[in-house]
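Please build the complete structure, drawing on both the sequences and the hints.
Line by line, the protein sequences are chains B and X. Oh and the first sequence: position 141 is 504 in this note's numbering, straight run, nothing missing. Oh and the second sequence: position 124 is 214 in this note's numbering, straight run, nothing missing.
Derived from the structure by calculation, the hints contain no laboratory data. Be aware that a few hints might be false.
[Unchecked claim] Distance windows between CB atoms, simulated: (1) B:A483 with X:S119: 36 to 44 Å; (2) X:R309 with B:T418: 47 to 55 Å; (3) X:M133 with B:S385: 56 to 64 Å; (4) X:L106 with B:Q548: 32 to 40 Å; (5) B:I499 with X:P128: 19 to 27 Å; (6) B:P474 with X:Q360: 52 to 60 Å; (7) B:T376 with X:L291: 13 to 21 Å; (8) B:H575 with X:L291: 50 to 58 Å; (9) B:S502 with X:V104: 38 to 46 Å; (10) B:R457 with X:A323: 45 to 53 Å; (11) B:I499 with X:L372: 54 to 62 Å.
The beta-carbon is built from N, C-alpha and C at its ideal position, and this holds for glycine as well.
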Amino acid sequence: MIRFKDVSKRYPTGYDAVNRLSLELERGEMAFLTGHSGAGKSTLLKLIAAIERPTRGQILIDGHNVTNLSRRRIPSLRRKIGLVFQNYQLLHDRSVFDNVALPLVIAGLPPQEIGKRTRAALHKVGLLKREKALPITLSGGEQQRVSIARAVVNRPPILLADEPTGNLDPELSEEIMHLFEQFHQVGVTVLVASHALNLISRFNKRIIRLEHGKLIESNITKRRRAERRAR
Amino acid sequence: MVRGAILSRTPLTVRLHAHGRDHARTLISSLGRLYRAPVSSTMTTAVIGIALALPGGLYLLLANLQAVAGGWQSSARISLFLELDTPPQSVKALGSRLRRHEDVTDVQIISAKQALHEFRANSGFGGALNALPENPLPPVLVVSPALSSSQTKQTSALVAELKELPEVDLAQLDMQWLERVHAMMDIARRGVTVIALLLGLAVLLIVGNTIRLDIQNRREEIEVVKLIGATDAFIRRPFLYGGMWYGLLGGLLAWLLIGAAMLLMAGPAQHLALLYDSKHQLLGPGFKGTFLILSIGAALGLAGSWLAVRRHLSAIEPR
Numbered sequence: 364m365i366r367f368k369d370v371s372k373r374y375p376t377g378y379d380a381v382n383r384l385s386l387e388l389e390r391g392e393m394a395f396l397t398g399h400s401g402a403g404k405s406t407l408l409k410l411i412a413a414i415e416r417p418t419r420g421q422i423l424i425d426g427h428n429v430t431n432l433s434r435r436r437i438p439s440l441r442r443k444i445g446l447v448f449q450n451y452q453l454l455h456d457r458s459v460f461d462n463v464a465l466p467l468v469i470a471g472l473p474p475q476e477i478g479k480r481t482r483a484a485l486h487k488v489g490l491l492k493r494e495k496a497l498p499i500t501l502s503g504g505e506q507q508r509v510s511i512a513r514a515v516v517n518r519p520p521i522l523l524a525d526e527p528t529g530n531l532d533p534e535l536s537e538e539i540m541h542l543f544e545q546f547h548q549v550g551v552t553v554l555v556a557s558h559a560l561n562l563i564s565r566f567n568k569r570i571i572r573l574e575h576g577k578l579i580e581s582n583i584t585k586r587r588r589a590e591r592r593a594r
Numbered sequence: 091m092v093r094g095a096i097l098s099r100t101p102l103t104v105r106l107h108a109h110g111r112d113h114a115r116t117l118i119s120s121l122g123r124l125y126r127a128p129v130s131s132t133m134t135t136a137v138i139g140i141a142l143a144l145p146g147g148l149y150l151l152l153a154n155l156q157a158v159a160g161g162w163q164s165s166a167r168i169s170l171f172l173e174l175d176t177p178p179q180s181v182k183a184l185g186s187r188l189r190r191h192e193d194v195t196d197v198q199i200i201s202a203k204q205a206l207h208e209f210r211a212n213s214g215f216g217g218a219l220n221a222l223p224e225n226p227l228p229p230v231l232v233v234s235p236a237l238s239s240s241q242t243k244q245t246s247a248l249v250a251e252l253k254e255l256p257e258v259d260l261a262q263l264d265m266q267w268l269e270r271v272h273a274m275m276d277i278a279r280r281g282v283t284v285i286a287l288l289l290g291l292a293v294l295l296i297v298g299n300t301i302r303l304d305i306q307n308r309r310e311e312i313e314v315v316k317l318i319g320a321t322d323a324f325i326r327r328p329f330l331y332g333g334m335w336y337g338l339l340g341g342l343l344a345w346l347l348i349g350a351a352m353l354l355m356a357g358p359a360q361h362l363a364l365l366y367d368s369k370h371q372l373l374g375p376g377f378k379g380t381f382l383i384l385s386i387g388a389a390l391g392l393a394g395s396w397l398a399v400r401r402h403l404s405a406i407e408p409r
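In structure tokens, the structure reads:
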């Protein structure tokens with residue numbers, strides 16, 4: 364589903380955020396991206412969503428080469444990707460409902476359909492009762508859940524999260540990770556960048572480690588290895 | 091085909107509905123935005139209104155002057171002095187023929203006898219005339235040209251045409267000073283056009299600047315929406331409609347200002363008309379003028395915001 368072929372990202376200052384990275388994430392797979400601060404996790408995610416462009420190498424998403432995707436085609440790529448950031452990126456002058464409904468409005472769905480799906484997504488993250496509230500009246504965890512609801516409301520095939528539990532307490536963090544797992548279970552390809560190693564290790568998923576922009580290990584869990592061998 | 095957010099697999103009617111919905115929603119929400127910032131919206135609208143009212147009012151003034159001058163034009167007369175020995179039947183026949191001419195509204199026939207009678211009555215030369223053996227005066231046809239406005243060229247053409255008639259000895263146009271009036275009005279019209287163009291440019295720049303500021307203020311929102319995969323067209327729309335609303339409301343204000351000016355001038359104008367024995371009524375913008383000012387306002391607003399959007403929207407990308 365997501366494939367990086369020898370990808371490098373060098374910033375104009377000469378800093379190599381990502382260095383000759385090759386990676387493959389299969390459709391419907393869930394993986395965690397770990398590494399120290401500045402290892403290139405955010406950059407990797409941004410490269411997938413075409414927020415940044417690689418200086419070298421190729422990126423393929425769902426079989427399509429998006430390395431040199433024209434500006435006009437980027438929106439259609441981003442609509443296939445649900446994005447969750449550490450800073451929530453919510454619109455503060457709109458209600459929770461309007462925030463979550465935004466991808467559906469952009470897709471041009473009829474109002475009844477928008478209402479249905481938005482409420483379904485809010486229900487999934489447990490915030491149906493707060494649909495009319497403004498983001499500023501919500502706690503950090505609630506805002507993050509709104510952000511997640513928005514990311515999944517239009518059922519994208521890919522879900523990317525950059526430090527989604529960064530500002531949250533351990534209990535809440537685990538809840539959020541479980542949410543991601545639930546989405547994974549319905550077939551979404553999930554990639555979560557996170558510092559929280561102890562939390563990640565509780566989930567039986569592939570862990571991709573980055574260091575200074577290079578791939579150190581892409582360890583597949585024992586069970587997966589067995590599955591792969593069996594194939 | 092339609093490279094938009096709307097899935098290319100959906101049928102055309104569904105896509106059109108979706109587009110229509112989005113346009114309607116954006117049209118109303120952009121007006122709502124103006125409403126929610128009343129002070130700044132009012133100020134911008136006021137500037138646009140004044141900028142549009144000035145050329146609008148001047149054009150209207152010109153139109154009124156033109157109508158008045160046209161009234162003068164209609165009192166222009168062409169006097170056709172016919173050959174001395176033209177028989178009365180021929181005079182009458184020519185008169186009827188000319189009445190049917192497309193550029194002629196009326197022909198007044200003054201036979202040689204009538205001319206003599208008038209001359210005797212009005213000139214005081216009565217005694218001298220008795221000494222003459224024959225009537226020295228020719229029959230005269232006074233032709234009223236049917237001209238709608240300032241076409242002095244048409245009048246001259248008509249005079250030239252009538253001069254060529256075999257029965258006509260001399261053709262004379264009574265109002266040559268009218269040409270001078272029309273020449274002055276042409277200059278005035280040019281001047282007003284220049285003013286209109288400059289003010290139109292001003293409106294463009296004002297709206298452009300306002301929308302630019304709006305874009306800056308909504309920077310974060312634009313970044314987020316781009317992140318979610320909104321097309322440029324989707325993001326542009328509210329700003330374009332906002333600009334159009336500014337222009338439209340500005341045009342409406344201009345219309346009101348012109349109306350107010352007309353009310354103020356109605357009294358003195360009527361007084362002047364009375365002094366000139368004119369039946370002229372002060373001309374307003376009318377249906378056509380109103381439509382023009384509103385649509386030009388909207389078009390300028392749209393154009394102004396289009397310029398701002400083109401320059402500044404693409405600079406904002408998610409980080």
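**Message:** Hints numbered earlier in the text: which of these fail when held up against the supplied structure?
**Reply:** Violated hints: 1, 2, 7 and 10; rest satisfied.
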